[in-house]
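Student: Sequence:
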Amino acid sequence: MPNYCENELSIYGKREDLQKFKAVAQGENGCLDMNSFIPYPVEYRNQDEICRVFREEIEEHNRKITEKMKQMSQEEKEQLWKDNNESWGIKGPDGYNCGGYEWCCDNWGTKWNFCDPCLVVEDLDEEDGYLFYEFATAWSPPVPVIKKMGEKFPQLIFELRYFEGSMQFNGILRIENGEIVDEDCAAYYGHRGG
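Each number in this note's numbering comes from the position in the sequence shown (counting from 1) with 4 added on.
Simulated from the structure, these hints should not be mistaken for laboratory data. Don't take every hint at face value.
To be verified - Okay, derived cross-link-like pairs now, DMTMM-like style, lysine to aspartate or glutamate, Cα gap no bigger than 25 Å in a straight line:
| id | residue 1 | residue 2 |
| --- | --- | --- |
| 1 | K115 | D21 |
| 2 | K68 | E79 |
| 3 | K24 | E106 |
| 4 | K115 | D188 |
| 5 | K26 | D120 |
| 6 | K18 | E130 |
| 7 | K72 | E82 |
| 8 | K68 | E80 |
| 9 | K156 | E12 |
| 10 | K26 | D127 |
| 11 | K68 | E82 |
| 12 | K152 | D37 |
| 13 | K81 | E64 |
| 14 | K115 | E64 |
| 15 | K115 | E60 |
| 16 | K152 | E187 |
| 17 | K156 | E130 |
| 18 | K152 | E64 |
| 19 | K18 | E106 |
| 20 | K18 | D186 |
| 21 | K152 | E126 |
| 22 | K156 | E82 |
| 23 | K18 | D110 |
| 24 | K74 | E63 |
| 25 | K156 | E183 |
| 26 | K18 | E163 |
| 27 | K24 | D188 |
| 28 | K156 | E131 |
| 29 | K115 | E20 |
| 30 | K26 | E106 |
| 31 | K26 | E180 |
| 32 | K24 | E126 |
| 33 | K152 | E60 |
| 34 | K72 | D37 |
| 35 | K18 | E47 |
| 36 | K72 | E60 |
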């Protein structure tokens, strides 16, 4: 279980560009999806699904075996264990918790997609506008994803502020014209970094 990093993402620009960003940013994860910018590989999605099904099958198998084992002698239990030992384990890396875990950390900067993303403010009334998102991430801010947003939408300004109270850090990442203009991480102090 991770420590959660609180994130606030402000995006500034022309109304039309913000509307395009908002449309691209939506995905399976809701109003903000990392896959919209750096897609999670299909090979890991497939492994995740195989593992999910496998876990369900193992749970059902264990339930049946537990009932059966209540009626078995110790010798029969030992033989059952010996016969099935290898088939009961997951072999090799799989999805988010093994193979895909490293991919997510390397490519997203965190082990999971945005947690509970919310578009808090949508100010698109004037020619220039503003979007404000809040979300959590596991352990650290999603710096690579925000950088990719800046590359895909260089006409917008992105400002990420993040706060991680358990590991005691907070920071800012600001991207203008697709380039990082400010990036700082410091010791956490006060409520949400002061």
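Student: Next, verify each hint and record whether it holds.
Tutor: Status of the hints after comparison with the structure:
1. Proposed proximity of K115 and D21 is contradicted: the alpha carbons are some 29 Å apart, above 25 Å.
2. A threshold of 25 Å between alpha carbons decides the hint, and for K68 with E79 the separation of about 19 Å falls inside it, so the pair holds.
3. Restraint check: the Cα-Cα separation between K24 and E106 comes to about 31 Å, which exceeds 25 Å; the hinted pair is violated.
4. Distance restraint check for K115 and D188: the Cα-Cα separation of roughly 21 Å lies within the 25 Å cut-off, and the hinted pair is therefore satisfied.
5. The hinted pair formed by K26 and D120 meets the criterion: a straight-line CA distance of about 16 Å does not exceed 25 Å.
6. With a C-alpha separation of about 8 Å, the suggested pair K18 and E130 falls inside the 25 Å cut-off, and the hint holds.
7. At most 25 Å may separate the alpha-carbon atoms for a hinted pair to count; K72 and E82 meet this at roughly 13 Å.
8. Simply put, K68 and E80 have alpha-carbon atoms about 15 Å apart, close enough for the 25 Å limit, and the pair holds.
9. Proposed proximity of K156 and E12 is supported: the alpha carbons are some 19 Å apart, at most 25 Å.
10. For the given pair, K26 sits about 12 Å from D127 by alpha-carbon distance, which is consistent with the 25 Å threshold.
11. Our distance criterion of 25 Å between C-alpha atoms is met by K68 and E82, whose separation comes to about 17 Å.
12. Under the criterion of a C-alpha separation no larger than 25 Å, the hint pairing K152 with D37 is consistent with the structure, at around 12 Å.
13. A threshold of 25 Å between alpha carbons decides the hint, and for K81 with E64 the separation of about 18 Å falls inside it, so the pair holds.
14. Restraint check for K115 and E64: the C-alpha separation of about 28 Å exceeds 25 Å, so the hint is violated.
15. Pair hint K115 plus E60 holds up; C-alpha atoms about 23 Å apart against a cutoff of 25 Å.
16. The suggested pairing of K152 with E187 holds, with an alpha-carbon distance near 15 Å, which does not exceed 25 Å.
17. Between K156 and E130 the alpha-carbon distance is near 23 Å, which keeps this suggested pair within the 25 Å criterion.
18. For the hint pairing K152 with E64, the CA-to-CA distance comes to about 42 Å; that exceeds 25 Å, so the pair is violated.
19. With a C-alpha separation of about 36 Å, the suggested pairing of K18 with E106 is violated against the 25 Å cut-off.
20. A distance of roughly 21 Å separates the Cα atoms of K18 and D186; the hinted pair therefore holds under the 25 Å criterion.
21. Annotation: proposed proximity of K152 to E126 holds, straight-line Cα distance about 21 Å (limit 25 Å).
22. In summary, the hint linking K156 to E82 is not supported, as the alpha carbons are separated by about 59 Å, beyond the 25 Å threshold.
23. Straight-line distance between C-alpha atoms of K18 and D110 comes to about 32 Å, which puts the hinted pair past the 25 Å bound.
24. As the CA atoms of K74 and E63 are separated by approximately 17 Å, the hinted pair is consistent with the 25 Å bound.
25. At most 25 Å may separate the alpha-carbon atoms for a hinted pair to count; K156 and E183 meet this at roughly 11 Å.
26. Of the pairs offered as hints, the one joining K18 and E163 holds, with about 16 Å between alpha carbons and a cut-off of 25 Å not exceeded.
27. With a C-alpha separation of about 28 Å, the suggested pair K24 and D188 falls outside the 25 Å cut-off, and the hint is violated.
28. A hinted pair counts as satisfied when its Cα atoms are at most 25 Å apart, and K156 with E131 qualifies at roughly 21 Å.
29. Between K115 and E20 the CA atoms are separated by roughly 32 Å; this puts the pair beyond 25 Å, and the hint is violated.
30. Restraint check for K26 and E106: the C-alpha separation of about 28 Å exceeds 25 Å, so the hint is violated.
31. Of the pairs offered as hints, the one joining K26 and E180 holds, with about 18 Å between alpha carbons and a cut-off of 25 Å not exceeded.
32. Proposed proximity of K24 and E126 is supported: the alpha carbons are some 13 Å apart, at most 25 Å.
33. Annotation: proposed proximity of K152 to E60 is violated, straight-line Cα distance about 36 Å (limit 25 Å).
34. Only pairs whose Cα atoms come within 25 Å are accepted, and K72 paired with D37 is rejected, the gap being roughly 45 Å.
35. With a CA separation close to 37 Å, the supplied pair K18 and E47 exceeds the 25 Å bound.
36. For the hint linking K72 to E60, the alpha-carbon distance of about 19 Å falls within 25 Å, and the restraint holds.
Violation of the numbered hints given earlier is confined to hints 1, 3, 14, 18, 19, 22, 23, 27, 29, 30, 33, 34, 35; the remaining hints are satisfied by the structure.
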